[in-house]
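Chemist: Produce the entire structure from the sequences given, and follow the hints as far as they go.
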Amino acid sequence: MSTDETAPVEKPRNFIHEIIDEHNRAGRFGGRVHTRFPPEPNGYLHLGHAKSICLNFGTALKYGGKCNLRFDDTNPTKEDVEYVNSIMDDVRWLGFEWDGVYYASDYFEQLYQWAELLIQKGLAYVDSSTLEEIRQNRGTVTQAGSPGKYRDRPSEESLNLFRRMRAGEFADGAHVLRAKIDLAHPNMLMRDPILYRIRHAHHHRTGDDWCIYPMYDFAHGYSDSIEGITHSICTLEFEVHRVLYDWLIDSVGDIHHPQQIEFARLNLTYTMMSKRKLLELVESETVAGWDDPRMPTIAGIRRRGYPPSAIRAFCDDIGVTRFNGMTDLVVLENAIRNDLNRTAPRYMAVLKPLKVVITNYPEGQSETLDAVNNPEDPSAGTRQIPFGRELFIEHDDFLEDPPKKFFRLAPGREVRLRWGYFITCQEVVKDASGQIVELRCTYDPATRGGNSPDGRKVKATIHWVSAADAIPAEVRLYETLFTVPDLSEIPEDADWRSYLNPNSLTVNTDAKLEPALANLAVGDRCQFERLGYFCVDQDSKPGHPVFNRTVTLKDTWAKEQKKGD
RNA sequence: UGCCCGGUAGUGUAAUGGUAGCACAACAGAUUUUGGGUCUGUCUGUCAUGGUUCGAAUCCAUGCCGGGCAACCA
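Per this note's numbering, the first sequence starts with residue -3, numbered consecutively.
Just so you know, the hints here were simulated from the structure itself, not pulled from any lab data.
Computed from a predicted model, the values in this text were never measured in an experiment.
Where a beta carbon is used, it is the ideal one built from N, C-alpha and C, also for glycine.
Calculated lysine-lysine pairs in the DSS-like style (CA-CA distance at most 25 Å, straight line): (1) K426 - K348; (2) K555 - K348; (3) K555 - K455; (4) K426 - K351; (5) K273 - K74; (6) K400 - K555; (7) K537 - K348; (8) K426 - K400; (9) K400 - K558; (10) K453 - K401; (11) K550 - K453; (12) K401 - K351; (13) K559 - K348.
Computed spacing ranges between beta-carbons, pair by pair: (14) D242 - V480: 36 to 46 Å; (15) N320 - K558: 27 to 37 Å; (16) P382 - R436: 19 to 29 Å; (17) G169 - Q109: 19 to 29 Å; (18) R21 - I251: 17 to 27 Å.
Modeler: Given below as structure tokens:
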């Protein structure tokens, strides 16, 4: 990790840092801090993982320690190198670099040796019961379990069977290795948990070397121990696993013993954070892929245009606690806007064009006007935008019969064209069906640049593009993927897919852009003035730019209108 | 109804026995060539009941509410 962060530890930012401070005072790990981010490569990373990544890597940075990337690849039937690669891309994109990349599968031989050791110590046995029998003798949350018929199998016999399991002599499911703890333990996890199962499956890294694979609990703590992890940070649902984590490490003798600490996972309104269901959305082609901009995946939000710095700021904002809450999506959006407001260059683009003819502007004439690129950042400079007799303005910026609080263009009303002139609407042109197709306006040549020499005020400034110079573009607008804020409240017997938002994607193919927008590259972020922040999508082709709306600007007028409803 | 973990404005998060603060949201106003931004102000909170203490969000007890745990998943 970078060394410029080894400065004295500042004020703790969360309860985990307090625990670490306490460890450091007591000399628990010799002042060392070594964390790890341990994903299973069975899906793409999402915002929930971003919280964990920021916590683990951020903690290492804060204490001048280290953070590993470790793939918990103990289930060959679900994992794939595609996921390994995407995870590495995503961690780096978020702005972090690991001190080492490891795989639980690198430790399979050592893990196996510890399993034999546990058998020899009488702390593990091979159980030849069926899945159903094992489930039966485990009891229920309110009832103790009872020992199965293989529980007292002599350790030589278990050892022999375990070696033959490894040798591939048995079919999947014929035997499992179980810890011998307590079938009556109040914690279900301690009722002789399964340690190894037979899986004749090809592993993405170890190939066909193994046909037995360790379970999560067995592999995870030992992997932490091998890597010298000091603080094994995980989410709250692993809390009940901690006693088993400790039991397994203590049972093989004097090896490094990390401290497991649990925190609350991220829950976001309107956001699905289940890897399994996200996979379903991809496989059913409900979305265009793992990187669909509507997805909460890191790949999705990257394509959507969320800056990594904003995600890190968001993770700082929400904090780390043991309280299982629900964070409002607007907090994320606020972090995005806050970041982009400072950094995104401004441009003008019209989503729903309405033609405007400036009747007193000489036919065939044109000019260029100066525009400020970013009012929040003078160093962003200025640019030139073309102006001519025919323009496009936003259809929503004109109302023939405006309500009281509507400040924009209307018959007889004067508004300012951003960086341009004051114009006044003189005439509304409609087609046979009564649709407004064109506005005929006059401009005041004295207001060039947007200021009137006589000090006359207008109530609105609207965006526009010169019709002769406009670049046609496709713009994709997004809403939340789901219609309910709290997805956990969808009833068990209901189909969660029926809560998908049919309006989550709107493709607009009629957009008109100012010419400077043609110079942006895929991934570039910008603001379309008054509309929101946008970025160039990878589907763009020469002559056919495609933009994604990252997030809208705050819209007081829209809020005002909603009140009226 | 067994075990474990939680509960601070609407939401999230500080305060670690000594003035309950911050962010987002909401509302009001000022400013503004983006109904953006910025600035100012307002509203709203310690789950309940007891106890310990000069003093409790904080410690203790009980209750209430929420979450987790019975995959050969992680």
